[in-house]
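There are 2 protein chains.
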Amino acid sequence: MPQRRASALSLSALSLSGERFTARYRLHGPAAEIAVRARAIGLEQTVEFPEDLLPGTAIRAQIVGELAGIEAVDDEHFDVLIRYPVETAGRELTQLINVLFGNVALQPGVRLLDLDLPASLLQHYPGPRFGIAGLRALLDVHGRPLLCTALKPMGLGPTELAELAYRLALGGIDLIKDDHGLADQSFCPFAERVPRCAEAVARANRETGQRCRYLPNVTAPAAEVLTRARLALASGAGGLLFCPGLAGLDAMRNLTTEAAMGAESGLPILSHPALLGGLCVGPDAGLGHGLLYGLLTRLAGADASIFPSFGGRFALTAAQCREIVAGARAPLGHLAPIWPVPAGGMRLERVPELCTFYGHDCILLIGGDLHAGSDLTARCRAFRQLVARAATAPAA
Amino acid sequence: MPQRRASALSLSALSLSGERFTARYRLHGPAAEIAVRARAIGLEQTVEFPEDLLPGTAIRAQIVGELAGIEAVDDEHFDVLIRYPVETAGRELTQLINVLFGNVALQPGVRLLDLDLPASLLQHYPGPRFGIAGLRALLDVHGRPLLCTALKPMGLGPTELAELAYRLALGGIDLIKDDHGLADQSFCPFAERVPRCAEAVARANRETGQRCRYLPNVTAPAAEVLTRARLALASGAGGLLFCPGLAGLDAMRNLTTEAAMGAESGLPILSHPALLGGLCVGPDAGLGHGLLYGLLTRLAGADASIFPSFGGRFALTAAQCREIVAGARAPLGHLAPIWPVPAGGMRLERVPELCTFYGHDCILLIGGDLHAGSDLTARCRAFRQLVARAATAPAA
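Listed in order, the protein sequences are those of chains R and W.
Numbering-wise (this note's numbering), the first sequence opens with residue 973 and increments by one.
Numbering-wise (this note's numbering), the second sequence opens with residue 973 and increments by one.
These aren't lab readings, by the way, just hints derived from the structure by calculation.
Possibly wrong hints are sitting among the right ones.
Among chain R residues calculated to face chain W with C-beta under 10 Å, some are [said to hold, decoys possible]:
#1 Glu-1064
#2 Gln-1067
#3 Asn-1075
Among chain R residues calculated to face chain W with C-beta under 10 Å, some are [to be verified]:
#4 Arg-1032
#5 Leu-1039
#6 Gly-1220
Covered stretches of chain R (in silico footprint by chain W; criterion: 3 or more residues with CB under 8 Å from a CB of chain W, positions within the stretch not fixed) [as the list claims (entries may be wrong)]:
#7 1076-1087
#8 1140-1153
#9 1170-1181
#10 1187-1197
#11 1244-1253
#12 1281-1289
Using N, Cα and C, we set each Cβ at its ideal position, and we do this for glycine too.
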């Protein structure tokens, strides 16, 4: 092996602000290896270069992620804090995530749990335009969780889905979203479905005096996302459903920019976890639930974040759901708190428990279970009554 | 609980082609549960609806994913084949992935291993525009693996990176990519870096008579990807580096469409695994390596796919790397075979072993190790000689 020394390169002055953002990783492994592994992360996520070969001293001092602390969690788990220069992430969400977790995502035994972003970095992210308060104002619903359901099953046509939407809105649902499996299929074209469903919900609203909103799914090929969002807005939709795991977290953020949605004030965004959740399935790898469904989803501008709640078809624990609630609602600079949306096989009988656990500021998403029984509208009213009754009980 | 029966909905005729694509999932768990879990996947990924509440019989027959086989792998692992109607995915990559793995990605104990896509579905994906043969023709390099390296470390400015690029090209490297951590940072703006590095490589080519290509990183916020790709093309870049995990698989596919890159024939695309690899870290969850780095990356139009090879800083096995090679190079309808790009801490001393393992049709990506020693250009020449020598040995 040749002598390891840096190749002579004339370096121009590197002069960064010195301001840093902090990532907390949980490492799984023997205590004796943690400090070395932590320093390797600081190199991997920035210079991706052998430390002894770095040209000059400025890059080592100003660019490389700095180990700022190690905390033992148990015999096999250790939290390490790494501080990265804000300039490495710049103003881009894609690059922020790259610095935090790009290459480390390829390694088992490392989980990104949390972030601390200084104001100079947060300023690049306006975040949710509505959040909890804004969506309450749009709906004029206060003091209780919101009711949400999905238009399904896939296979129904636009007319049938519109009829469903009408019955659901008549029953007092606040938010009716497309099932995330509804895209632009031949048996249910987006351009036909969206105006029909929006019209059906508007018709129900005229009868009930309520402000139910229809949220079509605008997850789409990269070049079609904005087109569909604009068509949704023009068709009278009341919000957008988006799957950032399928189409990109930054594509969701892009939906919140003014230029993307014309001069209008835009539509609230409901984030769906399809594919994205694959990044937090392993216990000792991937992203923490609170970070993924809470902080990052909020940073990317969603007003509400669907996640698979404990007690449903998926495998989250109550503790993990609490982390998500914190990520969605805890203070985060200027970013508005957003709605946690527990879902994934929720049933009416669990409404009281869910209301107690998640408090008033959540959206309860119940899909298939509303269709049990012969009268869909009546079952929606029962859902509504359960929520109203639970809302008088003390919140979590 | 109320009587479970479908609400009366007047169904229009659903009349699909009957053609299906097949997904192979590997389930981890007791044998007795496999058939039930497999059927649940077929429902989850399509109607996401209780089977006994489906309206009418057409949706059950024509939309729901159909269990087509169960194969025991060992006492705890079983492969199940599910057949989905081609119309559920339509013409959209986002929706194809959604049907295959959207919600199932949230579950532990399920891994998507492989796909079988019929011609009617493959027709929506032109795939790589260059692939192995096309890139060989552009470079006029035959009968040996290609040599690739990255411009780094992060922290260098455009002038310094251009100087590096010149020395690397002079040493006989075929493809010089931006480090995937180079975005549009204040200390190295994209618009300044790309023309300088492209010019430096062109200058070296005039001296050597070779056709080295520079591939800038166009991973960017959703609204800026095409702008950067066009700027790269206009600046004389020879290809594009893209991280589909950060910016979306479909955003990569979108780079291959004619409209996206003007009337030009476009630039070859090198896919980088940042964040994406997080979807295949767990052994019993996520996506199979061959599927992710091979088939899906190829479907999304990449001409070459970087992955963390066995024997480097990451944790893949030789068997997993073989799956990736198969996904990249095995016949797949009309889609051209693409380049596997083993990377992640490769060193010069491993070149003979890598050439034997991966054969001639691979791209060897060596980063930091080229900088060991006092003469970068000389070390590139040594890399080139090692590859030339290994290429005369029998391929894997």
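Verification of the supplied hints:
1. Glu-1064: 5 Å, holds
2. Gln-1067: With a closest approach of 4 Å, the Gln-1067 (chain R) hint holds.
3. Asn-1075: 6 Å, holds
4. Arg-1032: 9 Å, holds
5. Leu-1039: 18 Å, violated
6. Gly-1220: 3 Å, holds
7. 1076-1087: n = 4 at 8 Å, threshold three: holds.
8. 1140-1153: holds (count 3)
9. 1170-1181: violated (count 0)
10. 1187-1197: Three-residue rule met by the stretch 1187-1197 of chain R, so holds; n is 6.
11. 1244-1253: Coverage by chain W holds here, the residue count being 8 at a Cβ distance below 8 Å.
12. 1281-1289: holds (count 3)
Of the hints listed earlier, those the structure fails to meet are numbers 5 and 9, in rising order.
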